[in-house]
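Dock chain B against the given chain A, drawing on the hints supplied.
Number of protein chains: 2
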Amino acid sequence: MGENEGEIVEHHVEEEPERNGTRTHSFLESLTPSDREGNSSTQSSHRLLAYSDALISIIATVMILPVAHTKIEDDEELKESLQNLLATKIAVYLMTFLIVTVAWAAHIRLFQVIERIDDCLALLNLACMMLITFLPYTFSLMATFPENILGILLFCSCVIVIGLIQAIIVTYGFRQPFLLNDQIQTSENQAFYKWHILKVILRVPILCFVAIIFSFFFSPMSYVLLAIVIFLPYISQSVKWCYRKAKGQVEESPDSMLFYSFHPNEPLSKERVEAFSDGVYAIVATLLILDICEDNVPDPREVQEKFRGSLIEALQGFGPEFLAYFGSFATVGLLWFVHHSLFLHVTKTSRLMGLFNTFSLAFVGGLPLAYQLTHEFPRNSRNELEAIQISCVIIFFAGIFQMAIWVAALFGERRALHPYVRYAGRDHAFMFAKLALYPSVALGTFLLTCALSQFSAPIFHLMEVTVPFAFLLLRLLVRVGLALMRFVFSPAKRSASDVPEYEDPRLPFTEMVN
Amino acid sequence: MGENEGEIVEHHVEEEPERNGTRTHSFLESLTPSDREGNSSTQSSHRLLAYSDALISIIATVMILPVAHTKIEDDEELKESLQNLLATKIAVYLMTFLIVTVAWAAHIRLFQVIERIDDCLALLNLACMMLITFLPYTFSLMATFPENILGILLFCSCVIVIGLIQAIIVTYGFRQPFLLNDQIQTSENQAFYKWHILKVILRVPILCFVAIIFSFFFSPMSYVLLAIVIFLPYISQSVKWCYRKAKGQVEESPDSMLFYSFHPNEPLSKERVEAFSDGVYAIVATLLILDICEDNVPDPREVQEKFRGSLIEALQGFGPEFLAYFGSFATVGLLWFVHHSLFLHVTKTSRLMGLFNTFSLAFVGGLPLAYQLTHEFPRNSRNELEAIQISCVIIFFAGIFQMAIWVAALFGERRALHPYVRYAGRDHAFMFAKLALYPSVALGTFLLTCALSQFSAPIFHLMEVTVPFAFLLLRLLVRVGLALMRFVFSPAKRSASDVPEYEDPRLPFTEMVN
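Residue numbers (the numbering used here), protein chains in the order written: chain A, 8 to 521; chain B, 8 to 521.
Since the hints were derived computationally from the structure, they do not count as laboratory data. Any given hint might turn out to be false.
Unchecked claim - Here are the simulated DSSO-like cross-link-like pairs (lysine-lysine), alpha carbons at most 30 Å apart as the crow flies:
| id | chain 1 | residue 1 | chain 2 | residue 2 |
| --- | --- | --- | --- | --- |
| 1 | A | Lys206 | A | Lys252 |
| 2 | B | Lys201 | B | Lys254 |
| 3 | A | Lys277 | B | Lys277 |
| 4 | B | Lys247 | B | Lys206 |
| 5 | A | Lys355 | B | Lys247 |
| 6 | A | Lys254 | A | Lys355 |
| 7 | A | Lys206 | A | Lys355 |
| 8 | B | Lys355 | B | Lys247 |
| 9 | B | Lys355 | A | Lys277 |
Here chain A stands alone, though its shape is the one from the complex:
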């Protein structure tokens, strides 16, 4: 976008090089003052952050692959095999997702303090990323060998090194203050901020160090400590809340405003939440085609022998896979679409909304598992129905947590939502309809599978493909409804008290007090 170019150029504000004769002069001159300070090579961090978001979102989602690729025998009962799966792999997936998300949140906060980068910081950040991408592996070691301390040692060492690199980044940033957030840059007690931020950053590595020590003689304690690491922000937030309540509502000191960007309970950057979510949706949508490209190109020799050279016949066996692909892609695409519509109207993301978003994304990441399950079993078997039910559950939760984001925004501060979608806003009903579509379709399908034993995976995938039309229909219906309302009310100019009955009665939360 135009703005970004403007931003980059902003940091080298100076001249075009002068005409031929004076070139030498300008060349040497331009090196002199600002170069010694290193000021010249600072860059906007926009693209570094976008790249980090992409890496982290892929890594968060990758651990679903070992789950999805677990072969389940046809004669096994799906329920039992899933229970075994649940015990390890799904737990690994969910925990990895949460841990990577915690690392990502820390990364956001760090680069809210350090707003400009130079080459050195870019390289340090890449080193940090390398270790973050390694976390899922150490975690799966930990889950596969819970008795062995090697997994926990590796995991904790990675976290400690990440913490140290981040501490170096902060120290480096404070030594070259033009890299910092403007607010901190102009503040007088920089040293104080520096120690505060370092303290926040080093909290996690220190906990991990303690976990390493414990792992040598009492390993369950280390797992407890790791759980604390994940939930630390929430714990510290509630502790602070209790403390404040106990002391009576103390007002925020004006100084604490300056910490805003490093308080773990303050809003996340909306742009980075969007970028991270985009990454997750994109990788989930394409994990599906990745499997198809690898597994579903028939072998030429086999086609010759088994199908007498008829490629169409050979491909017919893959029919369910293709249908499943299109169905799943449509589902992921539309969940992204709902997310996109919602965040268009979100103006501020609170911690709670970020948490709901993470949960929603974790379920979205489970969709490849649903895809794998639904086309794997013979038609009309007990397992097939259960696979469909599992898919419905995954889709239901992905949708319901999206709705939770909206509810949190409605309940939360007035400024978290655009007026159009607030209670009684113009697009309020439409937004609700959009958010409610997937949970209700998933719930309906789930109930159908209980009632109809004839329900099959192809029907399910066909349903998935047709949902987009439901979105268009929804749009039409809402329009017709609004036109009707306009027809009834506009000429008559009824009184204000009549309207609330046209609001959706299912919405228990309101913002009646304006």
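Leaving out everything else, chain B in the frame of chain A:
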């Protein structure tokens, strides 16, 4: 970023909802005029495009997986197996990459005309994306069964449907002109533009339709047509260039400026080139850890039986894999870093720069193959050396095409580069050093493998890990060099003619005429 919020808000410029008493009124009123036009639901297309970029970049890179996962037997000669591979899979990868890139370029142009979206366009775009993600599969069918027309039929039908959806998007956009580019929106002969753009969009589907017809009686012709599709923009550009030369240099008519956004030979949006490149680098970096997470977690039973329960011993077997992972991640990360540094100073991307960027990315996409090859063979075998040589070739070309982007920018228009990195600019030498580092390291390593038969994959990966320090060293060296120059020249104030000898003599291209 802050700007985006501003942008979104821009499209719903209106009021906060009024106070309690008048709420009904405002609710009904707000629906009336602009809603009927549909104006209310327009959104900035920023996030839709970012999501599309992410999807397309992943899809472009995915086809390297079947190549990388091809098992090569230890006793086979690597050269022979690679020749077999080259014949099909690598060709499929490269062609898919190019085709997907062409689809991406068309997508850029389309959304340079249509700058705002509404729900309908978002859904149409998702449908388009679904078909684009399916292209690699049809293409690999085509390559596996070149005799069978089914592959080509599927491929062409996909392209035709994509073209039709894009035509619908354009028609829809022109029926609601507030969605269009401001330039076209204010223009008087919109109908003319509409037909021009539709003509450009439908060119490719029509060629594909002809290819389908040919495939029934003379299939080689269809492949020729498909090749034309890929190189069409370049062909049409050179034809136009020849035509212009033949007629004498005709000046651009002022009207043709308006077509700017839809001429295939005009600059690509820099932001989208960056987003696409980020996607490719991110997915390549994480494809590696994906393999590690799936294949390198040892089986608990095996550890118990083979290694008497010692996890460390079991993991030692995977040592080369881990080293290869860190080495490859460092390489991908640093290639990204160079790309990032380069594009910070690029102000405008020409068609040629876009092409070089695509080639560079295609080689970057080949890195997972290099990773797979270098840790697969027993140490000091002939195959291992050849695998390292292949890696060097891939890295060399990825780096050399990055340099080609820079050269194209230097040769090209004056405005394509920021003054700092132009010839005689402040960071010119440093940028050259950065861009030259990887090609020269790769070349050096290649020569080393020819001379030293003791050279092994672990050494190679260790080298890869140490390159980042070379970057820091480079920075230091350039600084020391500059400080020295300042010391020698600044007090003496020598004449202008002395300086050129300090410029890099290897740069044959200059911008002497100012």
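Checked hints:
About 25 Å separates the Cα atoms of lysine 206/A and lysine 252/A, which keeps this hinted pair within 30 Å; it holds. With a C-alpha separation of about 28 Å, the suggested pairing of lysine 201/B with lysine 254/B holds against the 30 Å cut-off. For the hint linking lysine 277/A to lysine 277/B, the alpha-carbon distance of about 23 Å falls within 30 Å, and the restraint holds. A threshold of 30 Å between alpha carbons decides the hint, and for lysine 247/B with lysine 206/B the separation of about 17 Å falls inside it, so the pair holds.
At most 30 Å may separate the alpha-carbon atoms for a hinted pair to count; lysine 355/A and lysine 247/B exceed this at roughly 50 Å. Proximity of lysine 254/A to lysine 355/A is assessed by CA-CA distance (about 29 Å); at most 30 Å being required, the pair is judged to hold. A distance of roughly 27 Å separates the Cα atoms of lysine 206/A and lysine 355/A; the hinted pair therefore holds under the 30 Å criterion. Proposed proximity of lysine 355/B and lysine 247/B is supported: the alpha carbons are some 22 Å apart, at most 30 Å.
Taking the CA atoms of lysine 355/B and lysine 277/A, the gap is about 28 Å. The hint holds against a cut of 30 Å.
Against the hints set out earlier in the document, a violation occurs for number 5 only.
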